[in-house]
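Let chain A serve as the given structure and place chain B on it in line with the hints.
Here the protein sequences come in this chain order: A and B.
Per the numbering used here, the very first residue in the first sequence carries number 1; after that it's consecutive.
Per the numbering used here, the very first residue in the second sequence carries number 465; after that it's consecutive.
These aren't lab readings, by the way, just hints derived from the structure by calculation.
Computed from a predicted model, the values in this text were never measured in an experiment.
The beta-carbon is built from N, C-alpha and C at its ideal position, and this holds for glycine as well.
Heads up, a few of these hints could be off.
In the BS3-like style, the derived pairs of lysine-lysine whose C-alpha atoms are separated by at most 25 Å in a straight line are [claimed, not checked]: (1) B:K687 x A:K442; (2) A:K314 x A:K279; (3) A:K438 x B:K687.
A few chain B positions that, by computed beta-carbon distances, are all more than 10 Å from chain A [said to hold, decoys possible]: (4) K501; (5) G714; (6) P737.
The chain contents come next:
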Amino acid sequence: MNALILARLQFGVTTAYHFLFVPLTLGLSVLVAIMETLYVRTGNEVYKKMTRFWGKLFLINFAMGVVTGLVQEFQFGMNWSEYSRFMGDIFGAPLAIEALLAFFIESTFLGVWIFGWEKLSKRVHAMSIWLVAIASNLSALWILIANSFMQEPVGYVLRNGRAEMNDFLAVITNPNVLYQFPHTVLSGFTTSAFFILGISAFHLLKNNPNFKELFQRSFKIAMLFGLISIVGTIGIGHLQGQHLVETQPMKMAAAEAHWQTANPADFLLVAGIDQAAQKNSLEIKVPSMLSFLSYNTFTGEVKGINDLQAQAVKTFGPGDYVPPVAPLFWSFRIMVAAGTWLVLMAVLAIYFYRKKTLEGHTWFLKALIWTIPIPYLANLTGWYLAEVGRQPWIVYGLQKTAAGVSTVVSTGEVLTTLVSFTLIYGVLAVADLYLLLKFIRKGPLEHDAEETLVSIGKGASLWT
Amino acid sequence: MDLNILWFILIAVLFIGFFFLEGFDYGVGILLPFLGKTDNERRVLINSIGPVWDGNEVWLITSGGAIFAAFPNWYATLFSGFYLALFVMLAALIVRGVAFEFRSSDRSPAWRKLWDGLLFAGSLVSALLWGVAVTNLLQGVPIDGNMQYVGGFFDLLSPYTLVGGLVFVFLFVFHGALYLGLKTEGEMATRAERAARFAGGLGLVFLLVLALLTYTQTDLFNKAGAAIVLVLAAVAFVGAYLFARRRQIGWGFLFSGLTILFLTVAVFWGLFPRVMVSSLNPAWNLTIYNASSSPYTLKIMTIVALTLVPFVLAYQAWTYWVFRERVSVKKLHY
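In isolation and in its complexed conformation, chain A is listed as follows:
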């Protein structure tokens, strides 16, 4: 174990953990805003209860997203100080803008929303959750602009031993972010839609007459939102893949375990991968399909890992430029399989709902409950693909990961913080799950005076 490995592990652990909460925030904020808007428009109390029920779950999740985000803001300096020196001129700007433009709005208006039920008009109150939703998604845009530079550097010049920005517009309109942003945000929307579908299914199965209408209506909103989001996620993901074939061919070649350049190239459904021998021991393939996926035509040369490695050595000097192939190959397939499963579930949900046979199909409702983790799996494997697929680079083509790590932080120090963060995060995960499950099981409030409200007085809000 050296500091580099540990620092990478720490980044992986803290970022993956942070990203358990972010996608749900991105989508659930929008869905809660939609619900509250329906309440304002119709005056129907069911929508208000709905807003509060999903809003409570949103808040528990949001709190976790905020505090784990703090670590993200500072760990570039802590563990990746050489990266920060090299990239700060470009990378710091979107981070600062994210805080100024998004975090301030998000946190300020969330406070207003939580505590403002009695103090603001219905419209202003609904507007505050819309601002939270918009700002959350704006923050995703800015952090992805920053990440996109690491994937596809644009608008910069190498000067004074670092990358310096010379075209801000190019940085914020990075072609990579034009795919990555909608793909990420829509997968967040998908996550929240299936979160609501699964929990609604749980309550429809329990068949409590008081909650029935609320969860049927929630189900309807989420199924439409979910189908649109997952289809969008996949469609844009496909275009993103084609873009990556052009801009980060090694990442895609590794994700396909595509060793030898071929025209036409075959798509592997299953492969036994031997990275040391630079080949696959076993392949189940669809002929010419990789060419089709890459170029929308069944012919077309797709560069293989071995050629790309040789090319990289020629450009960048000796070194191993091949990321870990097998994990990427399987991550990619898990992500795609998860996406496909979600399309199927969304279509079935709409079909049964429209046939009014939803509640008769208890197997389907149960399946929906077990589908809640599937988008999370897709989110994590997707990010694994994006970040590990870029290795050995921290900034593609400009700085290697090994050169970005802090030089003054000892192995023992990284180990200390890694273990400590993992422990803290583990404990928080238990508390978070405990609360979520508790509120999910309990269901919406029977009436506005919830048990805890009684203890502290009428008019208290969600915060309690």
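Here is chain B on its own, set in the frame of chain A:
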């Protein structure tokens, strides 16, 4: 004025905003177990900052982002150098942050005790570490010719920096108690005023010790301006303390705010044009020039910041207006 200076000032402004706003949040957090005797009273205390604490903390996140964007070498040296201290601070902020949401989500007394305890501890540790960090910046830390921190965790702890930590703790408790004097009613407000007098008296003593030690331990007094502002901080603290004793809480809070403002300005003025002082060799200092981003990035960020900051100030001020009413057990409106 060049943009490097402007960004140094902007970051100082962000820290003033952060210490002023989060200062009373930390103070309320530290006072939680002392002033809140029953669960409902603790609810009142937490609700007094409930709508605003998260927005206040964004001042810190923005400060971090601004340092990264404008002075990447400062960001890199500071956070890799103060590694374990920063980790402790982050851990404190994490448990404190979730405590706000989690504590009331379950009625079990043990659960609430746990999160209330973490809210208290998180606030205390953060406040203390801020004081330690700021005084370390002034005093200087071992930085080599490659802008790398070459000390360890315990190099950050000295009598001087610990006094700095105590000043921040008691100043923030004082500030928070005065805030509570304004935001609560009746018995709770009376208790808060008593706490303000206690914390204010101690804080004042520590501030005077800090000022003396600053004279011996740092070069701040070489700059007449910085020295005057530091004295102004002490004067403002005396004023705030006297107002607190005379139960003129509004004035007291204004002056505790001024104390924070002057203290922060004194620190930044004392540092200027350095952002990190090397205790090994003055030639190895990080300054607003050798630590900065390119002129182009500074220009872009200036346009962005000057456009957005007025809006931030406007809507944050609006939220304080919306939630201007006092909080009490009888009318826990939020």
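Going down the list of hints, with the structure as the test:
1. As the CA atoms of B:K687 and A:K442 are separated by approximately 63 Å, the hinted pair breaks the 25 Å bound.
2. For the hint pairing A:K314 with A:K279, the CA-to-CA distance comes to about 21 Å; that is within 25 Å, so the pair holds.
3. For the hint linking A:K438 to B:K687, the alpha-carbon distance of about 59 Å lies beyond 25 Å, and the restraint is violated.
4. The claim that B:K501 is not at the interface with chain A holds, since no C-beta of that chain comes within 10 Å of its own (minimum 15 Å).
5. Non-interface status of B:G714 relative to chain A is upheld: no Cβ of that chain comes within 10 Å, the nearest being about 22 Å off.
6. The beta carbon of B:P737 sits about 19 Å from the closest Cβ of chain A, which is more than 10 Å, so the claim that it is off the interface holds.
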